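*Asks:* Build out the structure end to end from the sequences listed, making use of the hints.
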Amino acid sequence: MRGRGLLLAVEVDTPERADRACARALTSGLIVLPSGDDGRVISICPPLCIDHGLLVLAIDLLIETIA
Numbered sequence: 029m030r031g032r033g034l035l036l037a038v039e040v041d042t043p044e045r046a047d048r049a050c051a052r053a054l055t056s057g058l059i060v061l062p063s064g065d066d067g068r069v070i071s072i073c074p075p076l077c078i079d080h081g082l083l084v085l086a087i088d089l090l091i092e093t094i095a
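My numbering numbers the first residue of the sequence shown as 29 and each following residue consecutively.
Don't read these hints as lab results, they were simulated from the structure.
Just so it is clear, the structure is predicted and the values come from calculations on it, not from any experiment.
Hints are not guaranteed to be accurate.
Computed spacing ranges between beta-carbons, pair by pair [as the list claims (entries may be wrong)]:
{"id": "1", "residue 1": "76", "residue 2": "43", "range": "23 to 31 Å"}
{"id": "2", "residue 1": "81", "residue 2": "35", "range": "28 to 36 Å"}
{"id": "3", "residue 1": "61", "residue 2": "95", "range": "15 to 23 Å"}
{"id": "4", "residue 1": "91", "residue 2": "67", "range": "17 to 25 Å"}
{"id": "5", "residue 1": "41", "residue 2": "79", "range": "26 to 34 Å"}
{"id": "6", "residue 1": "41", "residue 2": "77", "range": "31 to 39 Å"}
{"id": "7", "residue 1": "79", "residue 2": "35", "range": "14 to 22 Å"}
{"id": "8", "residue 1": "56", "residue 2": "80", "range": "13 to 21 Å"}
{"id": "9", "residue 1": "41", "residue 2": "76", "range": "14 to 22 Å"}
{"id": "10", "residue 1": "39", "residue 2": "88", "range": "16 to 24 Å"}
{"id": "11", "residue 1": "44", "residue 2": "81", "range": "28 to 36 Å"}
{"id": "12", "residue 1": "41", "residue 2": "81", "range": "27 to 35 Å"}
{"id": "13", "residue 1": "89", "residue 2": "43", "range": "18 to 26 Å"}
{"id": "14", "residue 1": "55", "residue 2": "84", "range": "17 to 25 Å"}
Glycine included, C-beta positions come from ideal geometry on N, C-alpha and C.
*Replies:* Now the structure itself:
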């Protein structure tokens with residue numbers, strides 16, 4: 029995981045895995061985008077005013093979609 033401010037990213041092993049995770053996250057209501065030079069990065073950009081509980085929920089959802 030890497031990031032600057034609240035612009036975060038998770039690098040996975042293949043572009044296909046990133047695409048699947050992004051699609052699954054969207055069905056759960058979490059908007060994340062595949063990015064990076066080869067599409068293996070999942071970009072996360074929550075608002076600066078996000079509630080801690082909501083952030084934890086979003087991270088848990090993202091972990092489920094990547095697994």
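*Asks:* The structure should be examined with respect to each hint, and the outcome stated for every one.
*Replies:* Do the hints match the structure? See the list:
Checked against the hint of 23 to 31 Å, the C-beta distance between residue 76 and residue 43 comes to roughly 29 Å, which is consistent with it. In this structure the supplied range 28 to 36 Å is violated for residue 81 paired with residue 35, their Cβ-Cβ distance being about 21 Å. A C-beta distance of roughly 19 Å is found between residue 61 and residue 95, which places it inside the suggested range of 15 to 23 Å. A C-beta distance of roughly 20 Å is found between residue 91 and residue 67, which places it inside the suggested range of 17 to 25 Å.
At about 32 Å, the beta-carbon gap between residue 41 and residue 79 stays in the expected band of 26 to 34 Å. Taking the beta carbon of each, residue 41 and residue 77 are about 33 Å apart, inside 31 to 39 Å as hinted. Residue 79 and residue 35 have their C-beta atoms about 18 Å apart, which keeps the hinted 14 to 22 Å range intact. Residue 56 and residue 80 have their C-beta atoms about 19 Å apart, which keeps the hinted 13 to 21 Å range intact.
Range check, residue 41 to residue 76: about 31 Å between beta-carbon atoms, so the 14 to 22 Å window is missed. Between residue 39 and residue 88 the CB atoms are about 19 Å apart, so this pair conforms to the stated range of 16 to 24 Å. Checked against the hint of 28 to 36 Å, the pair residue 44 and residue 81 passes, with Cβ atoms roughly 32 Å apart. Taken as a hint, the range 27 to 35 Å holds for the pair residue 41 and residue 81, whose Cβ atoms sit roughly 30 Å apart.
A beta carbon spacing of about 21 Å between residue 89 and residue 43 agrees with the range 18 to 26 Å that was offered as a hint. Take residue 55 and residue 84: their Cβ atoms lie about 20 Å apart, and the range 17 to 25 Å holds.
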